[in-house]
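Chains A and B supply the protein sequences, listed in that same order. Using this note's numbering, read the first sequence as starting at 311 and increasing by one per residue. Using this note's numbering, read the second sequence as starting at 289 and increasing by one per residue.
What the hints contain is simulated information worked out from the structure, not anything from laboratory work. Every value quoted in this text rests on a predicted model; they were computed, and no experiment measured them. Any given hint could turn out to be false.
Just the calculated beta-carbon pair ranges, DEER-fashion [claimed, not checked]:
hint	chain 1	residue 1	chain 2	residue 2	range
1	A	T315	B	H419	53 to 63 Å
2	B	C316	A	N668	48 to 58 Å
3	A	L739	B	A315	28 to 38 Å
4	A	L496	B	A315	23 to 33 Å
5	B	T544	A	P736	52 to 62 Å
Every residue gets a Cβ at the ideal spot worked out from N, C-alpha and C, and that includes glycine.
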Amino acid sequence: MLFNTGRFALFFLLVFVANWLLGKRWRAQNALLVVASQWFYACWDYRFLGLLWFSMLVDYVVALRLEANTDPKRRKWLITLSVSVQLGILGLFKYLNFFVASGAALLARLGFGVHPSALGIVLPVGISFYTFQTMSYTIDVYRRVIPAERNLLSFATFVSLFPQLVAGPIERARRILPQINGPRSLPLDALYSGTSLILFGLFKKVFIADNLANVVDQAFAKTASLTRAEAIFALYAFAFQIYGDFSGYTDIARGTARLLGFDFALNFRRPYFAQDPSDFWQRWHISLSSWLRDYLYIPLGGNRRGTPRTLLNLFLTMLLGGLWHGASWTFVLWGAYHGLLLVAHRLLQPFLSRVRPNGFVAGGLWSILCCTVMFHLIVLGWLPFRAHTALEVKEVLVSIGRHGGELGDALTYAQWLGACIALLIPLELAEELRPNFFEQRGFWARGLVYAAVLLLLLIAGAPGGQTFIYFQF
Amino acid sequence: MDRPSSTFSFNWRRLPFGALFAVALLACLELGVRAFYKPPYVSLETYANNYPVAHLYGFEGSRACFPVGEQVQCVVTQDMNVIPQEFPRKKPAGELRIAVIGASISWEGPRPGKSNGNYPSRMFEQLERAHPDRNLRLINLSVPGFGSTRQLVRFREALEYEPDLFVVHTHDTNEVREDKRLAYVRNLHSGIAGKLLYSYAVVVLKNWWNGVLRMPAPPPVATSDEEAADLDISAKRERWEKGLELRVDTMLELATARSIPVILVGTSRSDTKDFSSSTGRALNGFFATRVNGSRVQFLDVPALLRAGVKARPHRVFKDAVHYNAEGVRLVAGALVPLVEGALAL
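Could you build the full structure based on these sequences and the hints that come with them?
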């Protein structure tokens, strides 16, 4: 059941009405949300509900034991068990096929003919998100940052709450559990902002991402014969497609959660205005990057063990972050690319700080320059993310480096790109320069934007509920 | 005394003025469009039932072009008013109207009202000459490229002009053009997307976006089953034939319910010896089964052309499907007595 379908709209309407008919009876609301979330997940594939509950119950029990236990060895054993189970689930369902195929390919290169039988393991939707969410919970309990949740219903609500179940944001227990374990309300502001988030989320997904998907799919279907202009515009188009797709999803998730009385964490903060790689990861998929920081980068030693180790930690974190996105070498390449960007930025930081001008105008121009350079580095980074194989990456790079002024379909791509981002860019730029710019405008300005967004959705929203890119992760 | 906290207090300042203003703007837009624009379809029902296969929201660029002065102006054919003719909706007393529903073969051409070498015009000239005392009017709603789905829409539209006779010329070639994936039916004209077509503003702006800006909507997603079904040519052919038969039957029902006689013009091709392909033969066979006295008549064009060529060896086609002057002469000449019989001239 996709967020951008009438079926979901009906489902959500029913849940919304039932939720608030229960008034302040938050336990009953939790029960309703758990049932609704199971239904939501079962609409994808009911067979994987068992896996979801297995993952959830393991961490529920382990966390209770962790809290009750004071023996460090026993606690370590328990957390190892929990993390192993979650990573085991991920490894089995997400990575086994990949590692088996990669191993066989390596052996074949070494002269050993190995033909592994296809395992045919289906990737359960949302597995990367809910396993990471429960892992962060048990690790926090282990670190005694939060108490273990005793109420299974509350814990099930935390893990399976449908707005964030299949593609995040990866919420932290310390943030969401207090909201679950107490009466919730729907003030007018939350009602308005939640609805507004859903509207803008649909706009990003149905208008921007799905329309640009058409351009990108066309281009990536002929990577070997792309003209230079086509390749460049296709990459720009994908940059906005994936932003529209994922941040659109997140906006709808946050909006629906808000209408149910929850406040989800911000997951995107105008990432293409980032001025350096570190800034980018504080704006893009914030819930994942902060997860990787807290549960991978810092345990690896963070920046506490000298510069070489810091750089290695940064690189390893991004490499694994890339692999988290998908079981493919192209995602590993993407992670490595961003790891290298972070490493390079860390090395260049003292120099950049020295040359950065201080004046208002010069400082502003410097920011624009940094922003432009960073944007293009990010766009280039999306190439391995979008490509299915390393060969496709190579072919697109060759196309970009190709001489000649042939346009091919580039003008069409540019036309679509321009049309799709014409409203997005001014809105985001205004918000970047003046936070809450949109909310502080007069009703007529907001009304104009709402009307424009609605009209674009109605006249040019891509038909059919097209799936979200991040559902495959 | 403090007020009880449960007392409802209305605070107008908390109203969502931005959203209300947006709704007001959209309402004004809709009203403005309604004031100046006639939508290119009769109703949502006919639109949804008869445009299901138009893969770009029903506004794909099947364009008809007219020379206007030194320039050529093109019109998206689905604007319906593709032929710049205007007919009074209310039929004047004593007028007899002949409505032609077809595609390029019967298309009125760029200069309506004059003979453009197409058989409806030629037929009409002959009728006017033969019956100078009768007030006859030809309403040719043929549009190049239209298959039976869109022709049915024009047929319904033509009913508004109170015709006394229909000449229907469907051709199997255009069925192929119109037969897109079944998924389009589901995705484009069902649910909210279908309901939105009630809005004139949405229709006009979609037309503008898809046509003027040349920004075709991406094709909808078809399921793997539908993709597989789409590759099955025999199933597709069966679907085309059944669909065409169903729509011709609907036209006949609509006409019969109003006691309007119909002449079905048979389909023909130049690239076979008997001027008929296998699908054409099947279609003509179907037409023949629908003959009902002077209420439903059938002009067997391949037989007519064969006889004409036998009597006077000449080419009768200018390409695979369109008649040349000789073909037009033969078809128009054969239609005249059928029309006279149907209208009791």
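Does 52 to 62 Å hold as the CB distance between T544 (chain B) and P736 (chain A), or does it fail? With a Cβ separation near 59 Å, T544 (chain B) and P736 (chain A) satisfy 52 to 62 Å, so the hint holds.
In this structure, is the beta-carbon distance linking L739 (chain A) and A315 (chain B) contained in 28 to 38 Å? holds (30 Å)
Range hint 48 to 58 Å (beta carbons of C316 (chain B) and N668 (chain A)) holds or violated: holds (50 Å)
Quick check on a hinted range of 23 to 33 Å for L496 (chain A) and A315 (chain B), using CB atoms only. About 27 Å separates the Cβ atoms of L496 (chain A) and A315 (chain B), which means 23 to 33 Å holds.
I want to verify a distance hint. Is the separation of the beta carbons of T315 (chain A) and H419 (chain B) within 53 to 63 Å? The hinted range 53 to 63 Å holds for T315 (chain A) and H419 (chain B), with Cβ atoms some 59 Å apart.
The structure fails none of the hints (numbered hints given earlier).
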